[in-house]
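Make a model of the complete structure from these sequences and hints.
Number of protein chains: 2
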Amino acid sequence: MVWKPEHKTGIPIYRQIMNWMVKQIEHGHWPAEMKLPTQRKLAEQLQVNRSTVIQALEELKADGLLTGKAGSGIYVSQPGWHELIHGAIPRWKERINQSLCQANSQTIQLINDFEKRTDILRLGTGELGPELIPSGALQGTMRQVAITERDFGYSEPKGHIQLRNALTDYLKTRGIQANAEQIVIVSGGIQALQLLSIGLNSGQLNMFHNSPSYLHSIPSITSTSITSLDKMKLKSNQSFYYVIPTLNNPTGISLSAVERQELIKACAAVNLPIIEDDVYRDLAFEKPPLPLKSLDHNGQVIYIGSLSKTVSPGLRIGWMVGPESVMDHLADLKMQLDYGSSAIPQLVAAEWFRSGLYEQHVSALKKQLKQRADFTEALLNTYFSDFAEWQSPQGGFYIWLRIKQPIVTKALFQLLLKQNILINPGYLYAPNDYEHIRISYSYCSREELARGLKKLAQELKARLGGINNEH
Amino acid sequence: MVWKPEHKTGIPIYRQIMNWMVKQIEHGHWPAEMKLPTQRKLAEQLQVNRSTVIQALEELKADGLLTGKAGSGIYVSQPGWHELIHGAIPRWKERINQSLCQANSQTIQLINDFEKRTDILRLGTGELGPELIPSGALQGTMRQVAITERDFGYSEPKGHIQLRNALTDYLKTRGIQANAEQIVIVSGGIQALQLLSIGLNSGQLNMFHNSPSYLHSIPSITSTSITSLDKMKLKSNQSFYYVIPTLNNPTGISLSAVERQELIKACAAVNLPIIEDDVYRDLAFEKPPLPLKSLDHNGQVIYIGSLSKTVSPGLRIGWMVGPESVMDHLADLKMQLDYGSSAIPQLVAAEWFRSGLYEQHVSALKKQLKQRADFTEALLNTYFSDFAEWQSPQGGFYIWLRIKQPIVTKALFQLLLKQNILINPGYLYAPNDYEHIRISYSYCSREELARGLKKLAQELKARLGGINNEH
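The listed protein sequences correspond, in order, to chains W and G. When the letters of the first sequence are read in order and numbered with my numbering, they come out as residues 4 to 474. When the letters of the second sequence are read in order and numbered with my numbering, they come out as residues 4 to 474.
Calculated from the structure, these hints are not laboratory results. Don't take each hint at face value.
[Said to hold, decoys possible] Using 35 Å as the maximum straight-line C-alpha spacing, the simulated DSBU-like pairs for lysine-lysine come out as follows:
id: 1; chain 1: W; residue 1: 7; chain 2: W; residue 2: 413
id: 2; chain 1: W; residue 1: 72; chain 2: G; residue 2: 175
id: 3; chain 1: W; residue 1: 268; chain 2: W; residue 2: 413
id: 4; chain 1: W; residue 1: 38; chain 2: W; residue 2: 464
id: 5; chain 1: W; residue 1: 44; chain 2: G; residue 2: 175
id: 6; chain 1: G; residue 1: 373; chain 2: W; residue 2: 72
Okay, structure coming up:
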C-alpha cells in the first residue's frame, strides 16, 4: 500500500503508475466497480503531481480498464479486467495489434524517438547536421518568395506548376527529359515509395532489391532481397525492382554505366519495372554515371528525387518522374491521402532551382562532405582499423563499417543508447546482419564524431574481448 | 493518310495523335517492327510542334505499343498490339486497373483538374476564396518566425512540439483536455482519416456515417450510411462512427448538445469508437455546443481539427487528438508514410495560435462569411425559390440546395463545366442523390456568385422545363 513510483528508472512516472494500477486490478485488489480514490488523494499518496495521476488515469480509461462517470468519479470497469481486454470499449490495443500496418521495428522507433533529444550523439543519422543545413539561405528565400492567395489554397494534384517546371529544367541537366505532366511532387522519397507500393498492385506487391537495402527498414513495404537478376522472374506483375544506383543506402556503392545498362536489360527481359531512388546523386564527389531513367526508352523506370538529403528534410519536398498515365493515377491517389503537399516549401524549392541557389549550395556542400569523410576515415584508421574494415566513401553520408565479428546486436544498440550514442545497426538493412554499422559523417560535428567514434570503438573492443574470453 | 488533329475539341492534341497511332497499329496499317517516320516528319505531316509528337510517342512507349531503339528510331513493338496489352513491359495500365486503390470518381477528378483553371466559376468549392485567405498576415508570419537548423531537419513523429503545445492551450478553450503526447500533427484532416482507416483495422474496416456525408466522396475509405444508431452493432471491431457534429459537410447541420450526449451513449453501447471531424467548428456564427471529445470519459473519441477551412488549405496543417497509445501507433505509421509534416507550416501555425492571430482572424472571418451567406441567400431567393429549397446556414461555407426534381445528374455537371461553371453535385455525398447541389459561398467573389448562380438557375430551369415538357 506504500508503493511509490521511482525516479531515474527511465520509465516515465505515469507509466509506472499505470503498471501499478493494472496490477491492482489484475490481482483482484481493486475489484470491478470499485471507486478509485480522488485524483488529489492519489497524488498525495504517490507523491506526484496531480497532472501525472490524471495522465495515468486517462490512459487506463482509454484502454477500457477504468471508467469515468461524469460528476461521480472513476471506477474499475464493470466486466473485469480479463473480459475487458477482449471486449472493451474501444479496444484500442486489440485494434492496434490486429492492424494490417506493421509498426516500425523497435530499433527504428527508438531511433525516431531519441533523435529529438539534444544530448544524443547521432553517429548513424542519415541527414545533414545543423552545420550543413543552409538555414540562413532558406530563411532568406522564405522572406522573399512571392506567395499568392491562390497558393495558400489547395494544391494541384501533381503539385505546384512552378516547382514542376523548375524540375523539368533541373532533370534535363541530369540527362532526363520530362515535362511537367510526367512529374508528381511528393512529401519526400518515402511518400513516393508508398504511393508506388499501394497504387500499382492488387495486394501481392513485392519489391526486389539488392542486399543490404534501405527498403528493408520500412516494414510497411514488403521487400525481398535477391542476389542474382535471374531470380526476378517471379510474380513480375506485382513487383518492382528497387535500386539506389548512385551511392546506395547503406553501402555507399554506385553502379557503373555498364552495370546500369545491364540492369535495365535484365529487368526488361522479365517485364519488371524499376524504381530508381536517386536522392543521393547530387552528393557524389565525382560526377556519377547518368541515371537509369536517362537510358529508359520504354517508360520502364520510375525515378525518385528529393531535397531531403541535399538541402533540408524539414521541407518535405521530393518528386516522382514517370509515364504520364502512371503519374495521373498516383497524383489522384495522393489527393486522397493528403490533398497535396504544402505550397510554402514547394515555392521555396522552386525558387532554389530557378535562382541557381540549389546548384551553388550542393557544390559547396559536396566539398564540406568530402572534408568530413576524410576526417572520419582518419578517425576510423586510428580507432577501428584492427577489428573493422570499410571502403572510402565516394560521396553522400555513409561509411558501411564491417566489424570482423557479428557483435552488432540489439543488445549492443541499447547498451550504446544508455550511453547516449545512437547507431544505425546493420540488421536494419539486411536480416541477421550483425556485422555492420552505418556510420554517417553528415550529422555530427567533428568534435562529436571524434568523441562518439572513440567511445564506440571502446565498446566494440570490449565486446570483442568478451567474446574472445569466452572461447 | 491526311489525318490531322483538330483544335478546339477539348481533347489535347497529343492525345488525339496517340488515339490515331493506336488505330493505325490496331488495324494493321502499322505492322509490328515497322519503323515510324522521324519526329520531324511526323510533326510536319500532322502540322503540330515536334514536342507534341514527342509527347504522344513517349506515352505510347510507356504503354508498350512503341519501342525506342537507341540511335535508330522508334518502332512498332514486336509482339503486336493485342499481345502487348496483355503482356507488355511494364504493363502500367494493367497495374493501374488492378490496383487496390480506387481512383477518385470522375466527377472528383474533373473538379480537382478544373480547380486549377482561373476562368472557372467554382460554386461548390469547399475552401476560402482568395479574398478571405489571410495571405498578407501569413506572409508576415513567415518573415518573422524563427526557424532553427534543427527545424529544417526531420520532424518528431508526432509533429513539432511548439505546435502541439500551442494546440494543448487552444483545445482547452474548446473544452478538450489533451497533453502534447495525445496530439499528432497531420497534413490536413484527410490524412488523419487515412491514418485511422489503415492504422486501426485488420482489413475489413467500415466507417458508419449519417447520409449525406463528405466521407462518401473519398473512394479509398469504405463507408456505409446508417439511418438509425441501432444498426451500428455490426462488425464493430472493424468499424468507426464518423461524424461532423458541427456544420456537417455537405448539409451544414449541427447536432444539439443532447444529440451529442445520445450519440456518445449509443456508440458506447455497441463498442463503437467515434471519429469526430470538427474542422468547421470555429466558423459557426453562434457558439456551438461543446465537442463530443469534451464529453468523452473513456477514450472513445478521436478528434480531428485543421487549419484548412479556417486559415489556409495550402499550409496542410491538421491534428488528431486521442489516447496516447493510439497516437503513438498512428505517429509511427505517419513516419512510414511521409516522415512527418513540413516544419515551416507547422511553425507558422504555432505562431498563429501563440500570438492570438488565429483567434483574431477567425473572429473577423466569421463576420465576412455571415455577410456572404446573407448575400447568397438573397440570390437564392431571387433565382431559385420557385423550384428549390434550403436552410439558412448557421456557419461554415455551405448551403445544401435541394432542387425539387432529380435533375442534378452527371450530364448536368458536365454541361455546366462546358460553360465554365463547377458545381459539387449531391451524388458525391450520397448514392443516387440527384436532387442536391452543395453551394459554397466561401470561394467565389460576390460578383462571381451573382453571375454564377443566375446562370445555374437558368440551366436548372431549362432542364425542369424539359422534363415538364416530356410529361
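Under the criterion that the straight-line Cα-Cα distance not exceed 35 Å, is the pair residue 38(W), residue 464(W) satisfied? With Cα atoms ~56 Å apart, residue 38(W) and residue 464(W) exceed 35 Å; violated.
Distance restraint between residue 72(W) and residue 175(G), which requires alpha-carbon spacing of 35 Å or less: Judged against 35 Å, a Cα distance of about 20 Å means the pair holds.
So if I understand the rule, the pair passes when the alpha-carbon distance is 35 Å or less; does residue 268(W) with residue 413(W) pass? The hint is violated at about 39 Å.
Given the hint that residue 7(W) pairs with residue 413(W), test it: the Cα-Cα distance must not exceed 35 Å. 31 Å, holds
If you draw a straight line from the CA of residue 44(W) to the CA of residue 175(G), is it 35 Å or shorter? Cα-Cα ~24 Å, so holds.
Holds or violated: are the alpha carbons of residue 373(G) and residue 72(W) at most 35 Å from each other? Given that 35 Å is the threshold and the Cα spacing comes to 39 Å, the pair is violated.
In the structure shown, a violation is registered for the earlier hints numbered 3, 4 and 6, in ascending order.
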